[in-house]
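From first to last, the protein sequence lines are chains A and B. Going letter by letter, the first sequence gives residues 1 to 160 in our numbering. Going letter by letter, the second sequence gives residues 1 to 499 in our numbering.
Rather than coming from a laboratory, the hints here were simulated on the basis of the structure. Careful: at least some of the hints might be erroneous.
[Said to hold, decoys possible] Interface residues of chain B toward chain A, partial, derived using beta-carbon atoms under 7 Å:
no. : residue
1   : 171
2   : 175
3   : 179
4   : 185
5   : 221
6   : 243
7   : 385
8   : 388
9   : 392
10  : 394
11  : 396
12  : 410
13  : 412
14  : 416
15  : 456
16  : 458
[Unchecked claim] Calculated pairs, SDA-like style, for lysine to any residue (alpha carbon to alpha carbon, straight line, at most 25 Å):
no. : chain 1 : residue 1 : chain 2 : residue 2
17  : A       : 60        : B       : 186
18  : B       : 338       : B       : 186
19  : A       : 121       : B       : 385
20  : A       : 121       : B       : 265
21  : B       : 455       : A       : 41
22  : A       : 121       : B       : 186
Glycine residues also receive a C-beta, built at the ideal position from the N, C-alpha and C atoms.
The primary structure of each chain is shown beneath.
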Amino acid sequence: MRVNDAITGLILLVVAIAIFAYSTTFPQLTGMQFSAGFWPQTLCVLLALCGGFLIFSGIKERSGGQAWVRLDEWWRQSGTLFTVALVPLAIFFYILFSDFLGFIISSLIILLTMSLRFGLKPVSAIILAVVTTGVMQFVFVDLLLVQLPWGILESVVYGS
Amino acid sequence: MENFVIALGLVFDPYVLMVVGAAAVFGLFVGAIPGLTATMATALLIPVTFFMDPVPAIGAVISCSAMAIFAGDIPATLLRIPGTPSSAAYTDEAFAMTRAGKPETALGIAVICSALGGIVGSLVLAVSAPILAEFALNFTSLEYFWLACLGLTCAALITTGSPVKGVVSLLIGLLIATSGEDIMSGYPRFSFGNPELAAGISLIPAMIGMFAVSELIRNASTMKSYTPPVITHLGSIFSGLGPILWRYKFNMMRGWTTGVLIGALPGAGAGMAAWVSMAFAKKFSKEPEKFGTGHPEGLCEATSSNNAGLGGAWVPALVFGIPGDAITAIVIGVLFMKGMTPGPTIFMHAGDLLYALFIIFFLANIAMVGLGWAAIRVSRHIITLPREVLVPVILLFCIIGSFAINTSLLGVTVMLVLGLLGYFMEENDIPIAPAILGIVLGRMIEENFFNSLAKGRGDPMIFFDRPISAVLGVITISIWVGPPLYRLYRSWRGAPRTA
């Protein structure tokens with residue numbers, strides 16, 4: 001998705017103002033010349049200037065006939081849009097449910113859903129999900145000693 | 001000499017050699033797959049290296065990045081799809097050789113020139129870094145402040161496209177780096193009461209998000225239209241190579257020089273070195289008309305250049321703590337994780353470790369010939385790996401990698417947010433590399449800025465108090481104000497004529 005520079009500039013301007021305003025609430029300790037917000041505020045001023053420049057150049061481009069938003073072909077294909085959205089959605093799913101479901105079940109769900117959606121045959125998708133989850137569990141938990149969540153499987157593995 | 005002997009012992013340890021070898025295979029694998037970059041390979045490797053000792057951890061990064069940059073040449077030659085952006089400069093030329101029935105020669109040039117370029121880059125790094133470090137020992141916070149400013153300025157302005165968008169990317173990175181405890185007062189900025197956020201945003205999930213997740217989103221968007229390529233059988237890549245390399249030896253030498261110099265420039269990296277070398281090869285060629293028809297001259301120069309650039313990028317990273325490109329930005333993150341602060345003192349405190357890294361640089365580039373040959377032999381299987389398998393597996397690896405750094409879901413959240421941000425940025429021609437450099441150098445700039453001001457009791461003229469800092473300051477400010485003033489002058493001069 002390509003947006004006109006004026007929109008990017010406007011977003012930057014709004015973000016810069018919001019961060020600047022929030023960082024004015026940071027305290028200034030007695031005896032110190034600058035508050036904790038001085039550095040982010042300086043960066044916000046520069047970001048706002050860049051935002052202003054982009055708004056200006058975007059409006060100039062717009063007068064040359066450029067659209068506000070240009071979508072790639074796949075945005076108009078509802079199937080592909082969902083396929084693409086699956087990448088961030090899978091991460092979001094892990095953030096929400098991995099503590100409860102545990103790594104193994106979350107991983108199996110993510111891999112199965114994605115590979116089936118991407119067009120893999122069911123048997124291949126099941127093999128991919130099981131093997132990948134097994135390898136990840138072995139590498140990160142057994143070799144690198146990372147504490148991946150067990151979730152509802154905890155009682156099965158360690159007993160209740 | 002004593003450090004060198006200790007370093008030999010550190011490197012020739014079976015575990016270290018195994019890790020370096022495995023990272024090399026991983027780098028070749030990822031680099032050879034079109035759409036997956038050398039930076040992505042390095043970023044994906046970090047969560048695993050996090051749990052290793054410094055020598056195998058950094059050795060793995062060295063061998064992985066060197067192999068990935070070379071491996072990008074394989075699909076570039078066979079399919080006209082650069083495996084990594086560093087190969088884009090000569091993709092057309094290499095593919096023209098394939099169309100002319102000489103894919104083996106193109107791949108042979110790529111593997112030998114990449115290895116030689118990498119060895120020269122390693123040599124420059126091993127010789128120049130300690131000398132520069134001795135000089136840099138006299139630097140104070142003033143010089144470091146200006147050096148970091150200069151590095152970030154180059155990174156923002158050198159990027160292809162609009163310089164303003166480069167600056168925007170840099171400012172986004174610097175703002176991300178402001179989260180966490182304030183250096184002077186210890187106040188937790190932008191933590192919103194979350195104790196994990198008070199420690200600041202972790203670099204590794206940020207990099208995995210910006211480089212890997214954004215790439216996976218792009219891969220998913222082309223999933224339907226992607227058809228696996230067909231690759232014919234390849235003959236010996238070394239036959240008839242000697243006379244070609246001998247004929248273009250001066251091109252290779254120029255490629256080495258360009259590569260090392262451009263590689264050392266913050267923000268430029270191996271990709272830009274290859275573009276400049278390709279342009280030089282054509283400009284100074286006696287047969288420029290042959291370019292585009294499968295002529296090996298540009299290929300010899302540019303493939304030498306991008307791998308030499310890799311060593312060059314390590315020089316400012318190790319000596320000043322200022323990364324030359326996105327890969328060395330990751331390296332700086334790894335060094336910090338391993339308790340090694342990059343800068344001149346690293347040469348005094350961890351001399352043996354540095355020698356070990358130099359040795360690994362040489363070993364990786366020598367091994368590139370054999371491993372590269374093997375990768376080319378099996379390339380048809382790597383390149384044609386189905387996307388529907390790769391994307392879910394890499395995504396899961398990203399999730400676990402981001403989680404593993406602090407065993408926290410905050411890392412996964414950071415990865416998701418910055419992945420979406422990175423995707424939006426790249427879609428709109430805002431480069432990602434300056435943002436990463438901003439995240440890496442943000443704290444260093446802020447700390448040196450306030451330390452210097454404290455030394456001068458608030459007087460900003462302190463930044464021009466010492467000769468070197470004054471020179472660096474003048475250069476940096478000239479780069480900031482020079483081009484806009486020149487543009488204003490030109491428009492002022494041009495105005496009466498056009499009126």
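Broken hints, numbered, in rising order? The structure conflicts with hints 3, 6, 7, 10, 12, 15, 17, 20 and 22, although it agrees with all the remaining ones.
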